[in-house]
Every structure is written in C-alpha cells, then in structure tokens.
Amino acid sequence: MGNINHVCFRNFDLDQPWTFEAYENMGGYKAWRKILRGELTREFVLEEMKASELRGRGGAGFPTGLKWSFLNPNAPGQKYVVCNSDEGEPGTCKDRDILRYNPHQVIEGMAIAGFVMGATVGYNYIRGEFYEPIERFEIALQEAKAAGLIGLELKDTKVAFDLHTHIGAGAYICGEETALLESLEGKKGYPRFKPPFPANFGLYGQPTTVNNTESFASVPIILEKGSKWFSEQGIPNNGGTKIFCVSGHVNKPGNYEVPLGMPFSELLELAGGVRDGNKLKAVIPGGSSAPILTADVMMKIDMDFDSLAKAGSMLGSGAVIVMDETTCMVKVLSRLAHFYDEESCGQCTPCREGTGWVSRIVHRILHGDGKPDDLDLLDNVAANMIGRTICVLADALAMPVQSFIRCFREEFEYFIEHGKSMVEGN
Amino acid sequence: MVATREGQQMANANKARLSDSAKAEIDAWLTKYPQEQRRSAVIPALHIAQDENKGWLTTQLMDDVADHLQIPRVSVYEVSTFYSMYDLEKVGTHKVCVCTNLSCMLSDSDAVVARLKEKLKIDFNETTADGKFTLREVECLGACVNAPVMLLDRTYHEKLTPEKVDKILGELE
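Protein chains in written order, with the numbering used here: chain A, 4 to 429; chain B, 64 to 236.
Please note that a few of the clues may not be correct.
Subject to a maximum C-alpha distance of 30 Å in a straight line, what follows is the list of computed DSS-like cross-link-like pairs (lysine-lysine) [said to hold, decoys possible]: (1) B/LYS230 / A/LYS255; (2) B/LYS86 / A/LYS190; (3) B/LYS227 / A/LYS282; (4) A/LYS334 / B/LYS95; (5) A/LYS228 / A/LYS197; (6) A/LYS313 / A/LYS197; (7) A/LYS191 / B/LYS78; (8) B/LYS95 / A/LYS148; (9) A/LYS255 / B/LYS86; (10) B/LYS78 / A/LYS190; (11) A/LYS334 / A/LYS374; (12) A/LYS255 / B/LYS78; (13) A/LYS37 / A/LYS282; (14) A/LYS190 / B/LYS222; (15) B/LYS222 / B/LYS182; (16) A/LYS33 / B/LYS222; (17) B/LYS78 / A/LYS334.
Facing chain B, a subset of chain A residues (Cβ under 10 Å, in silico) [claimed, not checked]: (18) LYS191; (19) ILE324; (20) GLU328.
Because the hints were derived from the structure by calculation, they are not lab data.
By construction, the Cβ of each residue, glycine as well, lies at the ideal position given by its N, Cα and C atoms.
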C-alpha cells in the first residue's frame, strides 16, 4: 500500500499489535495522558475534532465533532459514551479487525470522547458472535485499567473515565443506535422514536453519545498529529482515511485503509482487480443498505461521502461489494431482501410487512413464478416503506430495491418473462 | 415459552438449574451497570446460562436468570426470543453457523452449504441423529473479505471451500 498513511491500521505491521506495550511504543495514550495531566482543554479537543472533518464511520457520515458538541459537559447528571461495535451490515468487517489488532486505540478514543462530553462511564457494545474481538478488547481494557489510565479514581488527576465491554446476542437491528441502547438496557432491540435524540435521552434516559468503532479509533491520532494532518489525509469535508472492506468478485479481497476521495478504480486495483479478468458489472459501495451502482458509474467515482451521495448511493460503512459480469442481479436482490425480512424487528408495519412482501416477490421471480406487474408492485411496496418507520431499516431495503430495478430493469423483466436468468451460468 | 410442543417436553425433561458459578459470573457482569439497572446484564446472563446447559436454554433456566437478576420473567423471555444466538430447543454438541449473505454468496457459499448438508446429512435447523451437530444458516457474520465464512461454536472459519469443510468436520469426528 506504498505511501498511504494509516490511522486505524497504523500498527498492523507490528508483532502482536494489540498489546498495551505495542500501542504505547507507537505513541499511543499520549493524547490521553496529556488530558490526564490537565494539558488539554475540552474546548480545544472539541475544536480539533470539528476541524479534522472526521465523519461517522458507521454509516451515516455525520460529523463526529458536531455530534460531540450536542452534549453539554457541564449539565448535571450521569452522561455516557457508547461505542457501536455491533458490526453486521452485510459486507462490513472492519471493526472486527480494529478490535482484534488495535483495541487500545478504541479505548483511548472513547476516553477522550468521555472527557470532552463530561461522560465518566462508557460501554463498548460488541456483537455476540465476535468471541475473539470481545476477548482482545476485554484484555486490552484490563491492561489500560492496570496501567492506571482507565477508571473512576485515577491517580494525580481530576479526570475520570470508566469503561466496560458489553455483548450482543445476534440482531442486526441493534446496530441502529437507539436499538443498541435498548439492548444495552437489557431489552429487545426496538429502535426508539426520535426525537428525543440520545444526546438528550440516551442510555438509562441520560445524555449519551454513540459512535462507531472506527470513528473512536480515529480520535487519538487527530490529537497526536493535529486536525490539519488528519483532514489533509482525505479531501475537503471528508477528512482522514477510511477502511474499505472490499469483498466479492475481486482477486484480493481485503480491508484497505486509504484516503477518503480515492478513485474507485484505484481501490479496485489495490484489491487486485476483478477476478479472472472478468468484466465489472456493478458495485454496492457502502454496505448492503446502499443503492447499487453500475460499472460505468463506479469507474468514474471517488470514494468519499459527498461523491457517492451525488451519484445516488452512499459511502455507508465502507463495505464495497464487487460483482462481475457473471452475477445475476435477481439472485443478489433476493438474498438481500431475505436478509432484511429476517432482521426487521417487527415494530413498524411498513417494515415488518414490506420486507416480507419484497422478499416473497423477488423470491418468486427468482424461482420462475414472476408476474408481469411484479416490478410495478415492487416499486409500489418500496415507495410505501421509505420514510414511514421509526428507523431506516425499511429504507435500507427499499432504496436498494429501487436502485436494482432502475439499473437492471431488463434483467428482471427477462427473468419474469422467461423464468430464468439472463446471465449465463445462473 | 418454548416454540414447539416437542421442545416444551424436552425442556421439561431437562431439569438443569442455574449453578452457583454461573450466578457468580453474572454477578461480575452486574458490577458494570448502575445498581438499579440489573436488567442490563440479561444478555450476558443468558449467554452464561446457555453455555452451561450444552448450548440451549430451558424455561427453568430463563426463570432462574430472571429471579437472579430480580426482574420479571417475561422480560427475560422477550430477550431470549428476540436474539438469534439463543436456542430454546435442544441442539447438537457443535453449532455450525454458516453465512450465506451477499459477500459469502458471491464467493460460492452455496458449495460450502451443499457440502455441509451432504456430510452431516441434515438440512438447516436440524441436528444430526447422533446429536453431534446442529446446522444453521445465519446472516452476515462480519468477516466478508474472507468469505465464505462460518462460525463453528466460538471459532470463525474463513475462506471456506468444500475441502476445508471436510477437514474441519473431520477433526471433530
């Protein structure tokens, strides 16, 4: 990866990079120690965060510094910082590697966040299937506590920050931040109606900020090297590097941490190009909830929040799912629809019923039982799912449905008419 | 609280109670949350109870968890039926959870699934006659760049092929 500066993966060439020792030797906990010594003010750190142009890495891309400013550090009562490590957006597998190989950077980022927002307690919510990352994170946390860096009563400082690992038990919806808070409270993962937002009414009804693992892991380096250095890694309004999880039909699938704004064509090259010299057909550029884009659009696009939004999709979680010419789009949409149908929490009717409808219609097309007006029906169902529910899970299926039909209408029509795929070998 | 009548009968036949060591483990989790928020420990507590009972939860165990956390039993049932990692019926010694979501599908998880079904001679959500394996189709496990992927008990197996499946299962037999 040549001259690319890394943020979250900066320690990946070290031996056992997850240890406290390795992290400290690399310059880790420098920023946090400064805070403990009283050398940095909340205001300074917050301004640096804003200037860094770090945008949330979990999917929404909301400016992290701005999000932090919503919490009043001087308001009375307990406040919380929560890390969303409930990684489950199909195609996404970056937080798993951050937790396995650089857990201390997440801990330091959360501690700094706690300091800025006056939150003395934090939780890292890690999905239950992540046995290995949970263990790594927990060991790192114990190391940080043993070193006197994390806890409610630290020596020679007025700053306090205690942190705990929490675990999930298998539910995609808990990646939605208010569902995650419900789950952390020991309930079903039902998203909450907003407002009030977590900044006002979060965990246990207290002011809370939830950020993604990769966002927190980006924080220490912003203070170490300065916001200017960080923002200049990317492009204006899209600061820093981003981990792209490139999966699917490429020769070298992998997690690539690269500057935001890198042309997709370069990212594809890093991932070894399309497998077997095949032609690129389409890409889902930001996790399964992001609308699909065709090859010709993708080859001209830069990988940043604004460029992808302009093209009608989104950067999302940075999961880049690559599909070559052998891919049957009906089969792909059918699998995605099944996923959302399975994972809908069932709280809102348009989502609970809509995901089922979409899944059944695409399934029947895939099995040769499609009807001539099925595409209009899909459009209609999708339109009635968007913007009508408490959270965006319904939209996360409806938007891809619309994009698949828009980009590959012919393929769907062919399947309905002939009862088989237009793509050879399917 | 168990999904089927057969499951109910099995649940009744299993008289396991939450052990003292499990309660101690749950108490360690409870130190993480505010005193009045004992309910927060329900997810870890159910994992502990399930691990102790060969991978599945009986109504009795759920009730024990509720009583230990001093919360209504129904709020434990709500959680155990909502999250996919909890099993409310007897399962095999090993849980084989194979992902078939998009990245895995594009990397031919179909062939991996076919081999699993052929070797184990069961379909999804079934347990082998000798009680050794339960096979599950699961949603994204979050290891997509190493697709296809499966979770075998607590271990991820990545970049799977039918041959690798043979080897992994062979080592367990």
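Hint check:
1. Using a Cα cut-off of 30 Å, the hinted pair B/LYS230 and A/LYS255 holds, with the two alpha carbons roughly 24 Å apart.
2. For the suggested pair B/LYS86 and A/LYS190, the alpha carbons sit about 20 Å apart, so the restraint of at most 30 Å is met.
3. In summary, the hint linking B/LYS227 to A/LYS282 is supported, as the alpha carbons are separated by about 29 Å, within the 30 Å threshold.
4. Our distance criterion of 30 Å between C-alpha atoms is broken by A/LYS334 and B/LYS95, whose separation comes to about 45 Å.
5. Restraint check for A/LYS228 and A/LYS197: the C-alpha separation of about 36 Å exceeds 30 Å, so the hint is violated.
6. Among the hinted pairs, A/LYS313 with A/LYS197 is consistent with the structure: their alpha-carbon atoms are about 27 Å apart, no more than 30 Å.
7. Proposed proximity of A/LYS191 and B/LYS78 is supported: the alpha carbons are some 27 Å apart, at most 30 Å.
8. Restraint check: the Cα-Cα separation between B/LYS95 and A/LYS148 comes to about 14 Å, which is no more than 30 Å; the hinted pair holds.
9. Only pairs whose Cα atoms come within 30 Å are accepted, and A/LYS255 paired with B/LYS86 is rejected, the gap being roughly 46 Å.
10. A C-alpha spacing of about 26 Å is found between B/LYS78 and A/LYS190, which places the hinted pair at or below 30 Å, so the restraint holds.
11. The straight-line distance between the Cα atoms of A/LYS334 and A/LYS374 is roughly 16 Å, inside the 30 Å bound, and the hint therefore holds.
12. As the CA atoms of A/LYS255 and B/LYS78 are separated by approximately 51 Å, the hinted pair breaks the 30 Å bound.
13. Under the criterion of a C-alpha separation no larger than 30 Å, the hint pairing A/LYS37 with A/LYS282 is inconsistent with the structure, at around 52 Å.
14. Between A/LYS190 and B/LYS222, the direct Cα distance comes to roughly 35 Å. Violation of the 30 Å bound is thereby established for this hinted pair.
15. Distance hint between B/LYS222 and B/LYS182 is fulfilled; the C-alpha atoms sit about 19 Å from each other, no more than 30 Å.
16. For the proposed pair A/LYS33 and B/LYS222, the alpha carbon gap of about 38 Å is over 30 Å, so the pair is violated.
17. With a CA separation close to 45 Å, the supplied pair B/LYS78 and A/LYS334 exceeds the 30 Å bound.
18. A least Cβ separation of about 4 Å between A/LYS191 and chain B falls short of the 10 Å threshold, and the interface hint therefore holds.
19. Restraint check, A/ILE324 versus chain B: the minimum CB separation of about 6 Å is within 10 Å; hint holds.
20. For A/GLU328, the interface hint is violated, since its Cβ never comes within 10 Å of a Cβ in chain B; the closest pair sits about 13 Å apart.
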